[in-house]
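K.L.:
For reference, the chains in residue letters:
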Amino acid sequence: MIVIVDYGVGNLRSVYNKLKRIGIAAEISSDPSVISKADKIILPGVGHFRNGMNKLKEYGLIDLLNRRVLTEKIPVFGICLGVQLFTKHSEEGDCDGLGWIDAETVKFIIPKEQQTKFKVPHIGWNSVSVIKNSLLFKNVDPSELFYFVHSYHLKCNDKNVALGNSNYAYDFVSCIEHGNIFGTQFHPEKSQDAGIQLFENFVKL
Amino acid sequence: MFRPRVIPVLLLKNLGLVKSVKFKNYNYIGDPINAVKLFNDLRADELVFLDILASKEQRTIQLSFVQKVGDECNMPFSVGGGIKTISDIKQILNAGAEKVIINSYAAENPEFIKQASMEFGSSTIVVSIDVKKNLFGKEGTYTLGGTKSTGYSAVDFAKLMEEKGAGELIINSIDRDGTMEGYDLNLTKKVSEAVSIPVIACGGAGNYQHLAEGINAYASAVSAGSMFIYHGPRKAVLINYPSKEDLQKIFSN
Chain A
2 MIVIVDYGVG NLRSVYNKLK RIGIAAEISS DPSVISKADK IILPGVGHFR NGMNKLKEYG
62 LIDLLNRRVL TEKIPVFGIC LGVQLFTKHS EEGDCDGLGW IDAETVKFII PKEQQTKFKV
122 PHIGWNSVSV IKNSLLFKNV DPSELFYFVH SYHLKCNDKN VALGNSNYAY DFVSCIEHGN
182 IFGTQFHPEK SQDAGIQLFE NFVKL
Chain B
10 MFRPRVIPVL LLKNLGLVKS VKFKNYNYIG DPINAVKLFN DLRADELVFL DILASKEQRT
70 IQLSFVQKVG DECNMPFSVG GGIKTISDIK QILNAGAEKV IINSYAAENP EFIKQASMEF
130 GSSTIVVSID VKKNLFGKEG TYTLGGTKST GYSAVDFAKL MEEKGAGELI INSIDRDGTM
190 EGYDLNLTKK VSEAVSIPVI ACGGAGNYQH LAEGINAYAS AVSAGSMFIY HGPRKAVLIN
250 YPSKEDLQKI FSN
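Just so you know, the protein sequences line up as chains A and B, in that order. Be aware that the first sequence starts at 2, since it is given in the working numbering, and climbs by one per residue. Be aware that the second sequence starts at 10, since it is given in the working numbering, and climbs by one per residue.
Please keep in mind that the hints were generated in silico from the structure rather than gathered at the bench. It is possible that part of the hints are untrue.
Straight-line Cα separation of at most 16 Å, EDC-like style, residue types lysine to aspartate or glutamate; simulated pairs [claimed, not checked]:
#1 B:LYS253 with A:GLU145
#2 B:LYS33 with B:ASP184
#3 A:LYS21 with B:ASP80
#4 B:LYS46 with A:ASP194
#5 A:LYS118 with B:GLU202
Restraint ranges, calculated between C-beta atoms of paired labels, are given here [unchecked claim]:
#6 A:ASP40 with B:HIS240: 47 to 55 Å
#7 B:ARG243 with A:ASP40: 50 to 58 Å
#8 A:LYS160 with B:PRO242: 53 to 61 Å
#9 A:GLY180 with B:ILE95: 33 to 41 Å
#10 A:ILE63 with B:LYS65: 40 to 48 Å
#11 A:ILE110 with B:SER158: 31 to 39 Å
#12 A:ASP103 with B:ASP50: 40 to 48 Å
In this text, a Cβ means the ideal position worked out from N, Cα and C, and glycines have one as well.
The task is simple: from the sequences and hints, build the whole structure.
P.N.:
Structural data, given as structure tokens:
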């Protein structure tokens with residue numbers, strides 16, 4: 002069973018709907034006993050980093066998620082704020098994250114001369130150049146575009162964590178893969194067919 | 010590669026899809042859920058839904074409707090109409106919307122934008138600013154379907170909303186609405202230059218060239234109603250949208 006972790010931030014229903022459309026029965030839950038039994042976990046999320054971490058604490062999920070992901074190594078997929086929470090620290094609210102990957106979450110700093118063209122938040126469709134072999138992008142055409150909504154992005158200290166880059170005024174890491182840990186800054190659940198393919202690939206892992 | 014978004018704007022009146030000219034003369038178009046299905050097939054980038062009577066009638070856009078859209082919609086969508094509370098926003102997001110659009114209440118209570126963006130993150134909060142010229146040709150911003158002046162100029166209102174934490178602005182020219190004569194490019198440009206958050210140009214687009222002009226006037230995204238709803242000089246109702254190849258061509262210069 003795939004569990005979409007409900008920790009009170011954002012758009013769980015659209016992830017659930019997308020999985021349902023490809024015939025995957027997922028469960029939305031914040032119940033530790035359900036998350037304990039999950040084969041795979043999806044951690045979506047929209048909003049403020051500090052709020053996200055506070056909510057995980059409030060729901061009493063941090064130790065459980067650490068155990069499931071770091072010790073039992075079940076596949077986990079973070080989306081948008083979800084993947085940012087995997088990092089060690091975010092500039093948004095100067096807040097420590099789960100620290101599952103050796104990366105930071107930093108604010109988009111657009112060079113002054115490009116500020117009329119590249120506004121923040123970065124909202125819209127971007128291509129992703131995949132930089133290592135990955136099951137996640139199997140059968141995804143390199144010309145596909147994915148939907149982004151964010152003001153902060155990942156910066157990987159461990160270069161091996163990065164799976165692909167996108168360009169918005171400059172290159173930034175837009176998806177990661179590190180053992181059983183996967184994540185995308187963009188929203189597969191909002192990225193039409195290419196996004197559905199990504200979910201299918203994750204489900205088959 | 011980053012490609013600007015092209016966004017159909019769908020207006021709702023009594024849960025039917027309508028289209029206006031200069032915020033008047035509402036023409037009934039059809040069933041909004043059917044339109045969502047067509048835009049799914051046409052691979053639209055994003056959809057905007059506005060319940061145009063909600064604020065006037067002092068209610069919020071119907072949640073069961075938003076949920077229906079959420080279940081059907083293959084792309085991101087945002088929703089506006091009478092939003093006044095944090096709980097309104099929470100419910101609309103839970104129903105599957107990506108973003109909420111606030112217009113009348115943003116002018117009435119700018120602090121609400123601050124509160125909302127703190128709670129949900131800036132990128133979830135869109136403020137729509139309706140602009141028109143009065144009888145003496147003086148440009149100003151309006152709420153309640155273009156009937157009530159806010160007292161702010163477009164640039165001042167845009168800056169205030171950015172300061173309060175809005176993540177995006179829809180700049181809507183009432184004078185161009187439904188005319189299909191092209192965006193008010195001066196307006197688009199001066200607001201885009203004044204703020205560092207994305208601006209969506211709205212009001213007046215009638216062809217692909219207009220969309221490119223909006224982006225050249227520093228809009229981050231372009232939107233249109235009539236253009237994606239009507240076809241031909243007699244304005245036959247036909248939901249349409251540029252193909253992937255067309256989109257690449259439109260923004261290649």
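K.L.:
Hint by hint, note whether the structure agrees.
P.N.:
Here is what the structure says about each hint:
Restraint check: the Cα-Cα separation between LYS253 of chain B and GLU145 of chain A comes to about 10 Å, which is no more than 16 Å; the hinted pair holds. For a cut-off of 16 Å, the pair hint linking LYS33 of chain B to ASP184 of chain B stands: about 11 Å separates their Cα positions. Annotation: proposed proximity of LYS21 of chain A to ASP80 of chain B holds, straight-line Cα distance about 10 Å (limit 16 Å). Simply put, LYS46 of chain B and ASP194 of chain A have alpha-carbon atoms about 15 Å apart, close enough for the 16 Å limit, and the pair holds.
A hinted pair counts as satisfied when its Cα atoms are at most 16 Å apart, and LYS118 of chain A with GLU202 of chain B qualifies at roughly 10 Å. Separation of ASP40 of chain A from HIS240 of chain B is about 49 Å and conforms to the stated range, judged on CB atoms against 47 to 55 Å. ARG243 of chain B and ASP40 of chain A have their C-beta atoms about 57 Å apart, which keeps the hinted 50 to 58 Å range intact. Here the CB-CB span from LYS160 of chain A to PRO242 of chain B is close to 57 Å, well matched to the stated 53 to 61 Å.
Evaluation of the 33 to 41 Å hint for GLY180 of chain A and ILE95 of chain B yields a pass: the beta carbon distance comes to about 39 Å. Taking 40 to 48 Å as the suggested C-beta distance range, the pair ILE63 of chain A and LYS65 of chain B conforms, at roughly 46 Å. For the pair ILE110 of chain A and SER158 of chain B, the supplied restraint of 31 to 39 Å holds, since their beta-carbon distance comes to about 38 Å. At roughly 43 Å, the beta carbons of ASP103 of chain A and ASP50 of chain B sit within the given window of 40 to 48 Å.
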